[in-house]
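Can you build the whole structure from these sequences, using the hints too?
If you read the sequences in order, they're chains X and V. In terms of our numbering, the first sequence opens at residue 1 and continues consecutively. In terms of our numbering, the second sequence opens at residue 1001 and continues consecutively.
Keep in mind that the hints were calculated from the coordinates and are not lab data. For clarity, every value in this text was computed on a predicted model and none was experimentally measured. Just to be clear, a hint being listed does not mean it is correct.
Only some residues are given here: those of chain V computed to face chain X with a beta carbon under 7 Å [as the list claims (entries may be wrong)]:
#  : residue
1  : C1055
2  : R1056
3  : A1094
4  : Q1095
5  : G1116
6  : V1117
7  : L1121
8  : I1123
9  : D1195
10 : D1201
11 : S1204
12 : H1211
13 : W1245
In this text, a Cβ means the ideal position worked out from N, Cα and C, and glycines have one as well.
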Amino acid sequence: MKIPVDLATKIEEAISHYPASKRSASLPLLHLWQGHFGFVSDEAINWIAAKLELTPINILELVTFYPMFRRRPIGRRHIRVCRTLSCQLAGSYDLKERISKAAGIDLEKWAQDQHDGHGDAVAVSPDGRYSIEFVECLASCGTAPVAMVDDLLKETVKVDEASALLKLRESDATTPRVRKPHPREKRLVFKNIDRRGWTSDLDCYLKDGGYKDLKKALKMKPEDIVEEVKKSGLRGRGGAGFPCGVKWGFIKRGGPKPTYLICNADESEPGTFKDRYIIHQDPHQLLEGMIISCYAVGANLAYIYIRGEFPEGAQILEVALAEARAKGFLGANILKSGFNLEIYVHRGAGAYICGEETGLIESLEGKRAYPRIKPPYFPAVLGLYQCPTIVNNVETLCDIKHIIALGGGAEYAKLGKPNNTGTRILCVSGDVQKPGYYEVEVGSITLGELIQDVCGGLKPGRQLKAVIPGGSSAKVLRAGDKYKLKDREIALEDIPMYFDMLAACGSMAGSAGVIIMDDTRDMVEALNNINEFYAHESCGQCTPCREGSLWMKKITDRILAGGGVERDPDILKGVADNIAGKTICAFGEACAWPTQSFVTKFREEFASKASKPLPPPMPPEYNPDELIEKETIEVLHDARTGSPLAPAALK
Amino acid sequence: MSAEAPPAVQMLNVQIDGTWMQFPKGTRVIEACAQAQKFIPRYCYHPKLSSPGNCRMCMVELGMPKMTPDRKPVLGPDGKPELNWIPRPQISCAQDVSEGMGIRTDSPMVQECRKGVMEFLLINHPLDCPICDQAGECRLQEFSVEYGDSGSRFLEHKVKKPKNVELGPRVTLDAERCILCSRCIRFMQEIANDDVLGFIDRGSFSTIACHPDRKLDSNYSLNTVDICPVGALTSTDFRFKMRVWFLKETKSIDVNCGTGCNITIGSRGNVIYRITPRENNEVNSVWLPDSHRLNFKYLFRGDRLTMPTVKAEPVEWRTAIAIAAELFKAQPAAAMALVASGRMTNEELFLAKRLVATLGITKFDIVPRKGESDGLLISEDRNPNTNGARLLGLTGTRPGAKLKKIAEGVDTGEIKCVITFGEDLMRAGVIEAGPPRATIVAMDILPNRTTTHAAVVLPASGWAEKRGSMINVKGRLQRLNQAVTAPGQARDDWEILRDLIQAVSGSNGIAGIEDVFKAMAAEVPEFADLSLSKIGDLGLPVLSMKERKDKAAEVQVG
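Here it is in structure tokens:
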């Protein structure tokens, strides 16, 4: 197999980024190959396996796990339409139909080829010009519905723009905008986002005082920086909210193994869209925060794991890294401090589970993103290549820079509330007039103020129905509910948006992806959309999540198709209860909490849709198509013995 | 060899279901519970492989000692640590016991966990029990009865996967039955050193697969069938042949090479249906090479020798023995040779040596079999009992060294009578093609070029048809047991030998196989105080390290 020279050069370059293990170059090589040849052929799998001294099954495992890789050629222009909740609420299903029509793609024909979900979800036009697929959350929910055409992003796609989309030439992800922050905002990390005259290059950053905090930090002792981070009370901004200083404190210095730091730029939690803007518009802030963090924890090699659906973001980061290297902010003996650091960009390929820190580590090692069991695989002890590793979210790493900039942890802790310090970027999407991102001091705003004052309220004539406060994994909150706290009761609108308070109200602050739903929205449909997300993204490693996530989706599918039976709400809740707390990673809770909370809080909606009486279970199993078609399920009796039979037995 | 006391292992206090016990540091929680007679159900955990913790069936309730601010355990009135019970269940297969740990193996929380996991495993599992080979030894069946629920609340379509995949020449995969425990993948990576299996697709659609350009053709592929907890991986050879609950299980030893892997013979009536490995951590762990596992079919060939013959005519046993004895007595000892086999049991070798002594034969040896070791379980010595032959004096430091001289003797006519026990003289190079120059008396189980030319043919028993002992290359004495009976009029080798000795020398009073061993134990110091039953199911080391090393060194030098 003859590889063109420029591709071969890029391949060697990619392999050189992973001195500890060639296997880590699996995903980069697959991206390079697909980028050049359009798809990953069988030959490619063998070639890449041989190149990295692996067996072909090692590569085939990856190609079938990560949906961005295609095993056959697709359209010359490929359209990805986001399917997940916020975009669905904004009409992305209808949009996909229209785009397909405009492109001449017969979606029904392709649906028949699906083979129970194993099959390829990409539908191709007969003339080969276009192909289209649904993808999960593209992290741009504030501008829903969104679609990608090849590597370009189009925001707020209107239904009559469907054909124009096919000819898209410019990307909204890299088109500069100017917007003034809302008066209630406190822009720290997002200071430069949508700022007049701001560009993502190093010169602009330096002119604004960039990298002087790095200089400050390099004059401190690494242990002292860790202390400042502990004092700051900074909690992880990726969703778990784990205290950053505590996490860094787990690293034992001076051991024989190298320490690694990984930036988790795999923003995929539905409803969340903040890291995208930092990466695309202010990459040097992230780099500065990362370099300071690496210095503090003692890492000399770091990776930015960026989701595959941010191809432009990856490019922007590569450029920024080159600029930083050229100016001596990266590489050997940074600013004559004696500290060496190299940072590489590593692109993911379409798996939400790579946002889980140990799943990310497995993916970076070149394997399927199966999260690891803890104990014993705590990343601070046995992380990347079984070495101590710190994984931090993009926003968290930027906050590190600001801790130094503000003058230390105590200064940072003055912002926000005790135990919930600093600022947070709230991402609001759904049924509000002005969805978007808003950086506020933590706890400085209530949900009601967020919706009404900042986001311009709901659409005229609508009432609030439900709020998901922290990304789709967070438990839904019902409008009109009251929450019992230690000393008082508060209404939904009065909940201040911070970790401890949202937890006390039975949900979580999570990734701060706030999804608002008004009274025109069907809760069963909303849950079904979320269930489909988790069923698609489950890695499949452990029993409860693998089987349960798809089961819950099938139940809500059947309910929406008219086949809901009386006991379905209880079955849904029972299945979710059997998943949460029993899995290897928090994905179990993430897929179970939506079902538990929607079914509990909106019981009457589920009960009215799932109302067919069903006789007690008896062999053989029920046929779900019968449940959908028939009004009542008859109980038949065997002519000879009189014992009960289900209709499926007669087929 | 000086015996140094091993370093003291720290013992840790662990509470299991309310009782405080002690376990060595480094004991897995799941193993500690097993030692306390509390079996924890599991699918993906296997003591010989790494622990991925993905089936979630082995979850238990764990408690850790309450600590004072200065990290000392708070002690209760019984002097033992007070425990904080962790609200979330924990898997027991990936964690070791720690000091003061508490384990609840059967609390309501644990029961609920197991029910939940069983339900999840069964919702997409096909209703294949009536046609699935694993029935009767299937963990899904067992744990479903013990820990699961009887009803099903699954009303959806099941996930469909390929059902009859030829994963390799000897392994058939039914992907729908697979519970994705990854034991087979880990085995191929960690033990068989042939990374060919993996998962494809994602989530509930994950499927076990081999890359299309490769096959699961390793010589250890059938071990994946052993360790598969369900009927996903099945032995193509055994598929649909027999229900496992009908199989009589006989413990025996593999005789295809000197490793002496411990095996279990599964037979019904007088037919062997399958052979599976038996655990012996001193020999083969729990593994067995495919080539050895499947090599039993020849015992059931239609052309097994079933009748004693003289000059190709069937005769009665008495006649055959008498004529053989005549032939022996007709020659001076110098004109006789004996070709014994490294595949004979110790008892047979002992009696063969007696025959040799009685007749005064000086020209005797065994036929060596050498091959390449595979670095795992296949020894380069393809005879299972070379050490026994050496110990009992039927071969010297270099097995087969005397065969050349015997061949020459036959050629020149010096040797007029060759006795062979279980070896083809032509293959051993002792005789050439065509009518033999010497008279042959052959004891064997299948016809070959020697038996066709033999004056007397005595049909004997195959390895699964006899009880006896052998010594493997590491000097371990192990026992074979009888699973099936020899066909037709074929008899036990040791009885044939006893009768030959009796016919040649007069009576010698050996009535049973145990008596043979007793007589052997009286003469061979390595067997002193032993009996066939004392050998036990796992065998005993009888040759010391030094003796084994010396003998091994001799082989290299000689």
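Results of checking the hints against the structure:
1. C1055: holds (6 Å)
2. R1056: Constraint on V/R1056 satisfied, holds at 5 Å.
3. A1094: holds (5 Å)
4. Q1095: Constraint on V/Q1095 satisfied, holds at 6 Å.
5. G1116: Nearest chain X Cβ about 3 Å off; hint holds.
6. V1117: holds (5 Å)
7. L1121: holds (6 Å)
8. I1123: holds (6 Å)
9. D1195: holds (5 Å)
10. D1201: OK, holds: V/D1201 within 7 Å of chain X, min 5 Å.
11. S1204: OK, holds: V/S1204 within 7 Å of chain X, min 4 Å.
12. H1211: It holds, given that the least Cβ distance between V/H1211 and chain X is near 4 Å, below 7 Å.
13. W1245: violated (23 Å)
The structure shown violates just one earlier hint, number 13.
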